[in-house]
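Heads up: the sequence shown runs through residues 20 to 525, numbered per my numbering.
Hints are computed from structural coordinates only; laboratory data are not their basis. Quick caveat: nothing in here was measured; it's all calculated off a predicted structure. Take these hints with a grain of salt, some might be off.
With a straight-line cut-off of 30 Å between C-alpha atoms, the simulated DSSO-like cross-links for lysine-lysine are [as the list claims (entries may be wrong)]: (1) Lys113 x Lys158; (2) Lys403 x Lys367; (3) Lys280 x Lys354; (4) Lys67 x Lys152; (5) Lys280 x Lys320; (6) Lys67 x Lys403; (7) Lys280 x Lys318; (8) Lys463 x Lys428; (9) Lys181 x Lys152; (10) Lys221 x Lys113; (11) Lys354 x Lys449; (12) Lys199 x Lys270; (13) Lys280 x Lys108; (14) Lys287 x Lys221; (15) Lys108 x Lys287; (16) Lys112 x Lys287; (17) Lys112 x Lys158; (18) Lys158 x Lys270; (19) Lys320 x Lys367; (20) Lys270 x Lys221; (21) Lys287 x Lys354; (22) Lys158 x Lys95; (23) Lys181 x Lys270; (24) Lys112 x Lys95; (25) Lys354 x Lys281; (26) Lys428 x Lys354; (27) Lys280 x Lys270; (28) Lys449 x Lys428.
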Amino acid sequence: MLIKIYLVLLSIGFNLGNPIFFSTYHSLNIDTSCQIDSFSSDTVSHVKVLIPTFLGNEQRNYYGNEAPSRLDVIWKLYLGEGETVISRKTGAKKWKGAGWTGQPLLVREDSLLYLIQGAYDHNLKKINAASGKIVWEYKFDDVVKGTGTIWVNKKADNLRDKYIILQGSRLGVENYLDSKHIPSYRAISYFNGEELWRLDSKWMDSYSRDVDGSALIINDTAYIGLENSLFTVFDPDYRNARWTDSMLQPKIIQERKLYLKKDVLDHKYNVVTESSPSLLNDHIYIASGSGHVWGYNLKTKELDWDYYIGSDLDGSAIVTGDSCILVSVEKQYIKGKGGVLKLNPLNKPEDAAVWFFTVENNDFVSWEGGVIGSVGINDRYVSKESVGLAAFSGIDGYLYVVDHESLIKDSLILGPDSLTTFSTPKLVYKHQIGPSISTPIFTKNRLIAASYNGVFLFSYDQDLNFKLLDVWESSFEATPIVYNRVIYVASRDGYLYCFGEMNKNP
20 MLIKIYLVLL
30 SIGFNLGNPI
40 FFSTYHSLNI
50 DTSCQIDSFS
60 SDTVSHVKVL
70 IPTFLGNEQR
80 NYYGNEAPSR
90 LDVIWKLYLG
100 EGETVISRKT
110 GAKKWKGAGW
120 TGQPLLVRED
130 SLLYLIQGAY
140 DHNLKKINAA
150 SGKIVWEYKF
160 DDVVKGTGTI
170 WVNKKADNLR
180 DKYIILQGSR
190 LGVENYLDSK
200 HIPSYRAISY
210 FNGEELWRLD
220 SKWMDSYSRD
230 VDGSALIIND
240 TAYIGLENSL
250 FTVFDPDYRN
260 ARWTDSMLQP
270 KIIQERKLYL
280 KKDVLDHKYN
290 VVTESSPSLL
300 NDHIYIASGS
310 GHVWGYNLKT
320 KELDWDYYIG
330 SDLDGSAIVT
340 GDSCILVSVE
350 KQYIKGKGGV
360 LKLNPLNKPE
370 DAAVWFFTVE
380 NNDFVSWEGG
390 VIGSVGINDR
400 YVSKESVGLA
410 AFSGIDGYLY
420 VVDHESLIKD
430 SLILGPDSLT
440 TFSTPKLVYK
450 HQIGPSISTP
460 IFTKNRLIAA
470 SYNGVFLFSY
480 DQDLNFKLLD
490 VWESSFEATP
500 IVYNRVIYVA
510 SRDGYLYCFG
520 EMNKNP
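Starting from the given sequences, assemble the full structure and let the hints guide the process.
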């Protein structure tokens, strides 16, 4: 994935040959670069964490509430740029803005909204969501790619210690894979940006020691897949942390490898885990670059479910309303095409497949095709009687929307191994947006999809008629959020954008 991200940089700014549609009106950009807000937690009486983790909740299927009808720029904040080392041979490169997964978190303090956004200038930032001004910054040792998780510590003694951000970064510009210590995962106070502890990512068989995934927290216990491919269970409370190797580190409860010895050889050490774990019933499900979708049993504390696909898996396992999971499949290490799999984990792995939807093979930068980002669904936004929609963006340049609860009768397609046959779901809508690794997001009547060509805003109705409302052209890898008819999303052009509906009248 390190090589992939580097090569993506080479593609930015090039016309990919896909049609771009522009709105007839956009507001004047309000550039909030270098503006700092003052803040004191002493004046806050009520806090509500609205979007606390990647894709919103423990099932990875919530993105905010209402979306706008246009993509006028309310404000934009320059996030900066920073160096990151690709390898000893390649050396360092500079990246701007923010990228995959890069979704902001959202918190309401009394009547004010705040964002938590990681950036490629090495800083995690707290930002006033109304003005785009920075409240505080915490500096990591490298670029921040992944989305954090905000843990609400109900046992905290004060407000400052009650809201804690768990956030990862790349391994550090002074570090290499074989460095002795790489503390690429940190706990940071939400209110003042102070570090509370740091977790040393061990050197394993994986060729990465970064942290892109977002932790899942259940009853004050945290679960995460680090990029060294250790499924790590830990206590996030800094009061229980221990001094180890001159660092205050969280108490580790359990570690389990998310790969087999054979996977290391087959994938040439690319057994990186970049996805975020999801909760369904008494299991946690997590996809790994080793080619497996694993199920961790919360009762036995063991990995007891293993669905093997074989490809590099980057997206998170998305929990649907009918208690299944949707898994993105990249076109790498497999003979068949990439796409999206729907699995029923209540069944044994050999009987778990519900359907498979393929996308076309297409080389883009270093990707061979398939779906890199996670799947977005509308299950949280519609009634049980409505059609359950799943949206995903392919490296082939298309946005796909399928009815994830309906199969095409008497239709079978070849699976990732190019041998096994699968049922396939009904395609509802398809639109060319350009190659993408971002996750499309739904509301009850809107769909937002970001790609290397721009942000695309669609409306849809109960009859599943989709209409393109607006497009903002830039290069995006990150996943957006929506709230109160506003969209927040970071770009590779260096900026965090706040899109909404500006008054056109003078």
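Now for the hints, and whether the structure bears them out:
Our distance criterion of 30 Å between C-alpha atoms is met by Lys113 and Lys158, whose separation comes to about 16 Å. Proximity of Lys403 to Lys367 is assessed by CA-CA distance (about 26 Å); at most 30 Å being required, the pair is judged to hold. About 21 Å separates the Cα atoms of Lys280 and Lys354, which keeps this hinted pair within 30 Å; it holds. A distance of roughly 20 Å separates the Cα atoms of Lys67 and Lys152; the hinted pair therefore holds under the 30 Å criterion.
Among the hinted pairs, Lys280 with Lys320 is consistent with the structure: their alpha-carbon atoms are about 21 Å apart, no more than 30 Å. Distance hint between Lys67 and Lys403 is fulfilled; the C-alpha atoms sit about 27 Å from each other, no more than 30 Å. Our distance criterion of 30 Å between C-alpha atoms is met by Lys280 and Lys318, whose separation comes to about 26 Å. Restraint check for Lys463 and Lys428: the C-alpha separation of about 28 Å stays at or below 30 Å, so the hint holds.
Between Lys181 and Lys152 the CA atoms are separated by roughly 23 Å; this keeps the pair inside 30 Å, and the hint holds. Proposed proximity of Lys221 and Lys113 is supported: the alpha carbons are some 26 Å apart, at most 30 Å. For the hint pairing Lys354 with Lys449, the CA-to-CA distance comes to about 25 Å; that is within 30 Å, so the pair holds. Taking the CA atoms of Lys199 and Lys270, the gap is about 20 Å. The hint holds against a cut of 30 Å.
For the hint pairing Lys280 with Lys108, the CA-to-CA distance comes to about 27 Å; that is within 30 Å, so the pair holds. Among the hinted pairs, Lys287 with Lys221 is consistent with the structure: their alpha-carbon atoms are about 18 Å apart, no more than 30 Å. Under the criterion of a C-alpha separation no larger than 30 Å, the hint pairing Lys108 with Lys287 is consistent with the structure, at around 18 Å. For the given pair, Lys112 sits about 24 Å from Lys287 by alpha-carbon distance, which is consistent with the 30 Å threshold.
For the given pair, Lys112 sits about 18 Å from Lys158 by alpha-carbon distance, which is consistent with the 30 Å threshold. In summary, the hint linking Lys158 to Lys270 is supported, as the alpha carbons are separated by about 23 Å, within the 30 Å threshold. Simply put, Lys320 and Lys367 have alpha-carbon atoms about 18 Å apart, close enough for the 30 Å limit, and the pair holds. Between the alpha carbons of Lys270 and Lys221 the distance comes to roughly 15 Å, so the proposed pair stays at or under 30 Å and holds.
Of the pairs offered as hints, the one joining Lys287 and Lys354 holds, with about 17 Å between alpha carbons and a cut-off of 30 Å not exceeded. Of the pairs offered as hints, the one joining Lys158 and Lys95 holds, with about 21 Å between alpha carbons and a cut-off of 30 Å not exceeded. Restraint check for Lys181 and Lys270: satisfied, since their Cα atoms lie roughly 18 Å apart, inside the 30 Å limit. The suggested pairing of Lys112 with Lys95 holds, with an alpha-carbon distance near 24 Å, which does not exceed 30 Å.
Restraint check: the Cα-Cα separation between Lys354 and Lys281 comes to about 18 Å, which is no more than 30 Å; the hinted pair holds. The suggested pairing of Lys428 with Lys354 holds, with an alpha-carbon distance near 26 Å, which does not exceed 30 Å. Proposed proximity of Lys280 and Lys270 is supported: the alpha carbons are some 27 Å apart, at most 30 Å. Taking the CA atoms of Lys449 and Lys428, the gap is about 20 Å. The hint holds against a cut of 30 Å.
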